[in-house]
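Top to bottom, those sequences are chains S and L.
Using this note's numbering, the first residue of the first sequence is number 14, and each one after it goes up by one.
Using this note's numbering, the first residue of the second sequence is number 14, and each one after it goes up by one.
In case anyone wonders, no lab produced these hints; they're calculated from the structure.
Check each hint, because a few of them may be wrong.
It does not matter which identical chain is meant; a pair holds if it fits inside one copy or across any two.
What the hints assert, rightly or not - Calculated lysine-lysine pairs in the DSS-like style (CA-CA distance at most 27 Å, straight line):
hint, residue 1, residue 2
1, LYS59, LYS123
2, LYS92, LYS51
3, LYS51, LYS123
4, LYS123, LYS92
There are 2 protein chains.
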Amino acid sequence: MPAFERHVFVCCNSRPAGAQRPSCTADGNSSLHTEMKKQAAAAGLKDRVRINKSGCLDQCEHSPVVVVYPEAVWYGHVKPEDAAEIVGEHLLGGRPVERLRLADECLNTKSCAHRR
Amino acid sequence: MPAFERHVFVCCNSRPAGAQRPSCTADGNSSLHTEMKKQAAAAGLKDRVRINKSGCLDQCEHSPVVVVYPEAVWYGHVKPEDAAEIVGEHLLGGRPVERLRLADECLNTKSCAHRR
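Chain S with its partners taken away, still in its complex shape (with noise of 0.2 Å):
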């Protein structure tokens, strides 16, 4: 791979006050992403990893949420409190963080026990 070892989008995606599904950021702004480029530069990957903005990922029931490439790992509910672990586990450890990804049957569909 010759760009990056891993490429990981965060949703940064704010909807208008009312939307009918929720926001992964109030305004844009996203602590979360702040957060993991801090960590992922503390250790030491920043030039093997690009932490990303990304507009909505369409995932947007389990909110906030990240997408981490070329394994295609989801996760969801990411706090920024979550970005360390995610950073020393998956992206240096190769080990993706369970307890946050999201369930298959959550994944691109129209219904799950998230979305109605």
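Fit chain L to the supplied structure of chain S, relying on the hints for placement.
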């Protein structure tokens, strides 16, 4: 892969006037993103492929930039009129569009023929 067969990120970054590195869009609105979505929907890929907006992908000298996961194929200097070829050849046919690919030596590097 439980979520998307492919996940496409179209950089929509816009830098302030006078910035040292180029921008992928003038104002955050990407006609390339719009056209990619339109073409993917027309090809029947709506539930299998997601065409996402992203923040800066850090390959600014090759803007506008697109990356396709999970295969990590990077495209540069992509125009809206290239969208149909990327969708038809790559996203539908599985054959990356070689003429638009970023060279390995241009990716994730502090200097290349285009970045000094």
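We went through each hint and held it up to the structure:
For a Cα distance limit of 27 Å, the shortest separation of LYS59 from LYS123 across copies, 13 Å, qualifies, whereas the shortest one inside one copy, 36 Å, does not. With identical chains, the CA atoms of LYS92 and LYS51 are at most 27 Å apart within one copy only, with a shortest distance of 14 Å there and 34 Å across copies. When the C-alpha separation of LYS51 and LYS123 is checked against a cutoff of 27 Å, the pair qualifies only between copies, where the shortest distance is 20 Å, while the shortest distance within a copy is 34 Å. In this assembly of identical chains, the alpha carbons of LYS123 and LYS92 lie at most 27 Å apart only when taken from the same copy (24 Å versus 32 Å across copies).
Against the hints set out earlier in the document, no violation occurs for any number.
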